[in-house]
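Chains as they are written, first to last, in our numbering: chain A, 1 to 576; chain B, 1 to 576.
Worth flagging that the hints you see were computed from the coordinates, not collected in a lab. It is possible that part of the hints are untrue.
If chains are identical, the list can't say which one is meant, so a pair holds when it fits in one copy or spans any two.
What the hints assert, rightly or not - Capping the alpha-carbon separation at 30 Å, the derived lysine-lysine pairs in DSBU-like fashion look like this:
1. Lys223 to Lys272
2. Lys373 to Lys272
3. Lys38 to Lys272
4. Lys463 to Lys38
5. Lys373 to Lys385
6. Lys309 to Lys18
7. Lys38 to Lys286
8. Lys529 to Lys152
Protein chains: 2
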Amino acid sequence: MDTIIRVNMTDLSVKREKVPEEWIELGGRGLTSIIIAKEVPPRCHPLGPNNKLVFAPGLLSGTMAAQSGRLSAGAKSPLTGCIKESNSGGTASQQLAKLGIKALIIEGQPAPDHWYRLHVTNDGVAIEPGDDLVGQGNLAVIAAMLDKFGDKVGVLSIGPAGEMRMASAQITAKDPTQHIRSLGRGGLGAVMGAKQVKCITIEDPGSIKVPIADEEKFRAAAKVFAKTLLDHPVSGQGLPTYGTNVLINILNEAGGLPTRNFRYGQCDHHEKISGETMRDIILERKGRPKHGCHVGCIIQCSQVYHDPKENFVTAGFEYETIWGLGANCLIEDLDDIAECDRIMDDIGVDSIETAVLLGVAMEAGVIPWGDGKECQRVLRDEIGKGTPLGRILGNGAGMVGRAFGQVRVPVVKNQGIPAYDPRSVKGIGVTYATSTMGADHTAGYAVATNILKVGGYVDPLSKVGQVELSRKLQIATAAIDATGMCIFIAFPMLDIPETFFSLIDMINAQYDLQLGADDFLAMGKRILKAEHAFNQAAGFTNAQDRLPEFFTYEPIPPHQAVWDFTDEELDEFWNF
Amino acid sequence: MDTIIRVNMTDLSVKREKVPEEWIELGGRGLTSIIIAKEVPPRCHPLGPNNKLVFAPGLLSGTMAAQSGRLSAGAKSPLTGCIKESNSGGTASQQLAKLGIKALIIEGQPAPDHWYRLHVTNDGVAIEPGDDLVGQGNLAVIAAMLDKFGDKVGVLSIGPAGEMRMASAQITAKDPTQHIRSLGRGGLGAVMGAKQVKCITIEDPGSIKVPIADEEKFRAAAKVFAKTLLDHPVSGQGLPTYGTNVLINILNEAGGLPTRNFRYGQCDHHEKISGETMRDIILERKGRPKHGCHVGCIIQCSQVYHDPKENFVTAGFEYETIWGLGANCLIEDLDDIAECDRIMDDIGVDSIETAVLLGVAMEAGVIPWGDGKECQRVLRDEIGKGTPLGRILGNGAGMVGRAFGQVRVPVVKNQGIPAYDPRSVKGIGVTYATSTMGADHTAGYAVATNILKVGGYVDPLSKVGQVELSRKLQIATAAIDATGMCIFIAFPMLDIPETFFSLIDMINAQYDLQLGADDFLAMGKRILKAEHAFNQAAGFTNAQDRLPEFFTYEPIPPHQAVWDFTDEELDEFWNF
Numbered sequence: 001m002d003t004i005i006r007v008n009m010t011d012l013s014v015k016r017e018k019v020p021e022e023w024i025e026l027g028g029r030g031l032t033s034i035i036i037a038k039e040v041p042p043r044c045h046p047l048g049p050n051n052k053l054v055f056a057p058g059l060l061s062g063t064m065a066a067q068s069g070r071l072s073a074g075a076k077s078p079l080t081g082c083i084k085e086s087n088s089g090g091t092a093s094q095q096l097a098k099l100g101i102k103a104l105i106i107e108g109q110p111a112p113d114h115w116y117r118l119h120v121t122n123d124g125v126a127i128e129p130g131d132d133l134v135g136q137g138n139l140a141v142i143a144a145m146l147d148k149f150g151d152k153v154g155v156l157s158i159g160p161a162g163e164m165r166m167a168s169a170q171i172t173a174k175d176p177t178q179h180i181r182s183l184g185r186g187g188l189g190a191v192m193g194a195k196q197v198k199c200i201t202i203e204d205p206g207s208i209k210v211p212i213a214d215e216e217k218f219r220a221a222a223k224v225f226a227k228t229l230l231d232h233p234v235s236g237q238g239l240p241t242y243g244t245n246v247l248i249n250i251l252n253e254a255g256g257l258p259t260r261n262f263r264y265g266q267c268d269h270h271e272k273i274s275g276e277t278m279r280d281i282i283l284e285r286k287g288r289p290k291h292g293c294h295v296g297c298i299i300q301c302s303q304v305y306h307d308p309k310e311n312f313v314t315a316g317f318e319y320e321t322i323w324g325l326g327a328n329c330l331i332e333d334l335d336d337i338a339e340c341d342r343i344m345d346d347i348g349v350d351s352i353e354t355a356v357l358l359g360v361a362m363e364a365g366v367i368p369w370g371d372g373k374e375c376q377r378v379l380r381d382e383i384g385k386g387t388p389l390g391r392i393l394g395n396g397a398g399m400v401g402r403a404f405g406q407v408r409v410p411v412v413k414n415q416g417i418p419a420y421d422p423r424s425v426k427g428i429g430v431t432y433a434t435s436t437m438g439a440d441h442t443a444g445y446a447v448a449t450n451i452l453k454v455g456g457y458v459d460p461l462s463k464v465g466q467v468e469l470s471r472k473l474q475i476a477t478a479a480i481d482a483t484g485m486c487i488f489i490a491f492p493m494l495d496i497p498e499t500f501f502s503l504i505d506m507i508n509a510q511y512d513l514q515l516g517a518d519d520f521l522a523m524g525k526r527i528l529k530a531e532h533a534f535n536q537a538a539g540f541t542n543a544q545d546r547l548p549e550f551f552t553y554e555p556i557p558p559h560q561a562v563w564d565f566t567d568e569e570l571d572e573f574w575n576f
Numbered sequence: 001m002d003t004i005i006r007v008n009m010t011d012l013s014v015k016r017e018k019v020p021e022e023w024i025e026l027g028g029r030g031l032t033s034i035i036i037a038k039e040v041p042p043r044c045h046p047l048g049p050n051n052k053l054v055f056a057p058g059l060l061s062g063t064m065a066a067q068s069g070r071l072s073a074g075a076k077s078p079l080t081g082c083i084k085e086s087n088s089g090g091t092a093s094q095q096l097a098k099l100g101i102k103a104l105i106i107e108g109q110p111a112p113d114h115w116y117r118l119h120v121t122n123d124g125v126a127i128e129p130g131d132d133l134v135g136q137g138n139l140a141v142i143a144a145m146l147d148k149f150g151d152k153v154g155v156l157s158i159g160p161a162g163e164m165r166m167a168s169a170q171i172t173a174k175d176p177t178q179h180i181r182s183l184g185r186g187g188l189g190a191v192m193g194a195k196q197v198k199c200i201t202i203e204d205p206g207s208i209k210v211p212i213a214d215e216e217k218f219r220a221a222a223k224v225f226a227k228t229l230l231d232h233p234v235s236g237q238g239l240p241t242y243g244t245n246v247l248i249n250i251l252n253e254a255g256g257l258p259t260r261n262f263r264y265g266q267c268d269h270h271e272k273i274s275g276e277t278m279r280d281i282i283l284e285r286k287g288r289p290k291h292g293c294h295v296g297c298i299i300q301c302s303q304v305y306h307d308p309k310e311n312f313v314t315a316g317f318e319y320e321t322i323w324g325l326g327a328n329c330l331i332e333d334l335d336d337i338a339e340c341d342r343i344m345d346d347i348g349v350d351s352i353e354t355a356v357l358l359g360v361a362m363e364a365g366v367i368p369w370g371d372g373k374e375c376q377r378v379l380r381d382e383i384g385k386g387t388p389l390g391r392i393l394g395n396g397a398g399m400v401g402r403a404f405g406q407v408r409v410p411v412v413k414n415q416g417i418p419a420y421d422p423r424s425v426k427g428i429g430v431t432y433a434t435s436t437m438g439a440d441h442t443a444g445y446a447v448a449t450n451i452l453k454v455g456g457y458v459d460p461l462s463k464v465g466q467v468e469l470s471r472k473l474q475i476a477t478a479a480i481d482a483t484g485m486c487i488f489i490a491f492p493m494l495d496i497p498e499t500f501f502s503l504i505d506m507i508n509a510q511y512d513l514q515l516g517a518d519d520f521l522a523m524g525k526r527i528l529k530a531e532h533a534f535n536q537a538a539g540f541t542n543a544q545d546r547l548p549e550f551f552t553y554e555p556i557p558p559h560q561a562v563w564d565f566t567d568e569e570l571d572e573f574w575n576f
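Between the sequences and the hints, there should be enough to build the whole structure, so can you do that?
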């Protein structure tokens, strides 16, 4: 991976550059964030010509290392106004890595009259006409690209939401089984839309391999690494058996499952939408209870969900989506939720932001509580078609709150709060408040230690130790996000020392480096600090590192917990 | 004026308090801003129970002093998230002052099921049922209150926009001739709506007078003061003859009249919408070319505009409204613009924010350029009825930009930029950027010195001297806004020393004080610094003291001027 490719959409030119020295030890989020922080004016308009959209495979992407196939994308977010990284499985990360492309940077902005498609090969990037794809959903775009380039082509695309530059728009990544994964959060699909790039296809590199300095050492470390993943109860048993949706019953039991737009911490119909129930349904309908989002995934937390007639509905049907539509919006029928998931994939909106915003819309009386069919209609006919109501909804929970004058709007830095109530799972609340990304559970998944008792135990209802926990996790996560690894390696990493050491061994073996544990964490700190500096220059201060006010005065049952951190306590986060 | 009245809408109670020592020398914006800064949590939700809505007459309101009848309202703004003061003529300021009420503070939030009306008398404030007024426009509310309480009652009310808590909602103030004035900017009508107060009526105090320590000295100073206003060419001739709309031709000539959503600095059809043309139309139709917004106004820049059949259409038909719909939205027919003004008054939206947001909606293709009839329909049937499109538009230009993914969105701190292009009138650009209020021309009207050559001359196309000019004007304006004086006294104040000295003499005579010029400016600095501190605590930094990015790269004809201040130059503003 020795090449940076810059695609300038203003003059439709492509440049290849050698990777500068300072970027060699970076990948994934490390590279997207460092590039954005260096090259994008922090006060620029996210949809204007001066924002950049950066794709970067992780440091280990394209190798045989298990879980290493995540692709990062970064830009200034149109949703938050902050720096943003979002990552996903699919085939693109491994394909770009094998083609030697360390980062693909899309810059500038063309005249408004045409759309484009980028085609990436071993020879570089071709900018092709894309007007014929305009208006199509991700399912149709992927089908068209498979037709054109064959089953192995990598596809990154946007749906109508991205074309309309909606702040909830995601970037879709095709997975090895031609299903949809999402670089979901922060509206990166709108940035791709603002560049008028409808789709990026990547020629499969076939037998090309990424160079590895010490193959033998790498292979040995990879084996240890994989074994530890399978040894840990969460990554080796819970996730493969029930998928991420194993969390519905666990969070409900803990009183941390936000229900009816964050009014309650438990949901009466949790059994109907739980991972256990979902597994039974999937097995009965001959779906797949286990599925990987990229080649080399051994956790297989994803799944393929069928309708009662055993026809495919959706894949990658995650806890956060099911929580959001099921508990937070009170939809009781998993089939209704699955159909929503399919539509969200197709129109190209982040399912977390969308689930949160639908809850706010229900609170405002715009959609009836629990009406799954109406949610499907709204997704398809309002957001998907860009009606005025769709423009409100498609721009996120904060937008819905402003449009309808709502006070109970669960967002941080305008990004919707995911599936864990911060009052009753306080560690994740610290992550929501302080993350450079806006409310983002993956930025520092304190649920692990608060609820799953991974990496020890910190009482979720007490403030004690939460800032330290979130800080430790956010630093480690930033570094993991640079490797191309799936975040679920954090579970074994927190409990099994060999996971961490074998991970570092693989990086050292590939790049002929001598990194130690401290260097790895230093990389995490460097990434977080670069992101934080960007946000500060964009106008963010500690005063935005806060949860919405209603969490401070509205206790959540069953624990009657409120959000009670002082400003000073939260501001300690950045003390590293 | 020795009383503070607190109306608590949570428990529907009213408290009278004696004015604390530290507030005695404050009034108007001075008092609203100091109270908000002291009592409102900077990070609270503007529409939640912890925001407060403060009304305060100026220090000189209720006296015989010319131009002293402005009422200030303040709150945390739902449009900007900053502190906000907005002021207007009408009868309420003088009536509250004569009733001895230095500030009326509306706190808390009732259960959502009922609306209220407040009735202010010499005995205090009664909280009355207001459900019967819900859904009515300001015209109907005023008519109902006149029916109920007689012609002399003071009325402050909100239209449907305020009820729907739209961020462009204004608070309406009835003037002495029963016409509508507006506390327009920053969405204070939404804050009143969030308190579920539809209307405030004020019993006329009749012959009650505000106490004046030295009547003779006051009278002498007031006479000098009034004479200087009439002596100055702007306040004595230009404004009384053509109203504020005298500016259309002047700004067009200067190349600073933002046209077609800030794309051009001159407008082809400027003659059709000019103050000169408007005066001819008004005279022909037996309207009133001169009209005061409050008793004691001798500038009389307002007017009453009739339709071709000589029926009343609107009053207080200002330059900024006519610029916004006429030049910025390309509507050529003054009658169409006047009808829009009437509807905006009735539904209760700020005409500046609305004109700016309609320009953005036209840029986005939602409304055809120049279509006055469609604008009327949109105002009446979309915003007025709270349709989804109306919810987008009613929440301001920034909201429209986000909804439709637009980059050319002329806002600062999310408030629409008014009628003077900052690239070709750079002094006002500094005010837009640095004002504690978001883009607000009245916060430091550098147009006076850049274009009208009042208070000297600073070349509008050069950066030299603009920061100093804006600083001087913003400090003076903050102090003037505390007196209850109309901002147009600034014209003579900048050129005629006696205006300033007689103003201070009046304050000293009324309150038995010994203030000098420095004390007056110190008050202005104190107010600005309190507002700035609130904004900083709310999370604003210098990085928000900037104009939208497109002004920096898009030159505006005819001068091909761009916005070229460095961050360092702008940040010098707060160096006082």
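Hints and how they fare:
Neither within a single protomer nor between protomers do Lys223 and Lys272 lie at most 30 Å apart by alpha-carbon distance, with minima of 39 Å and 80 Å respectively. In this homomeric assembly, Lys373 and Lys272 come within 30 Å of each other (Cα to Cα) only inside a single copy, at 17 Å, whereas the closest approach across copies is 53 Å. In the homo-oligomer, the alpha carbons of Lys38 and Lys272 never lie at most 30 Å apart, since the shortest distance is 48 Å inside one protomer and 50 Å across protomers. Taking the shortest Cα distances, Lys463 and Lys38 sit within 30 Å of each other only across copies (29 Å), while inside one copy they are farther apart (36 Å).
Taking the shortest Cα distances, Lys373 and Lys385 sit within 30 Å of each other both inside one copy (17 Å) and across copies (26 Å). Taking CA atoms no more than 30 Å apart as the test, Lys309 paired with Lys18 passes in neither setting, with 53 Å inside one copy and 75 Å between copies. In this homomeric assembly, Lys38 and Lys286 never come within 30 Å of each other (Cα to Cα): the closest approach is 49 Å inside a single copy and 64 Å across copies. With identical chains, the CA atoms of Lys529 and Lys152 are never at most 30 Å apart, being 38 Å at best within one copy and 62 Å at best between copies.
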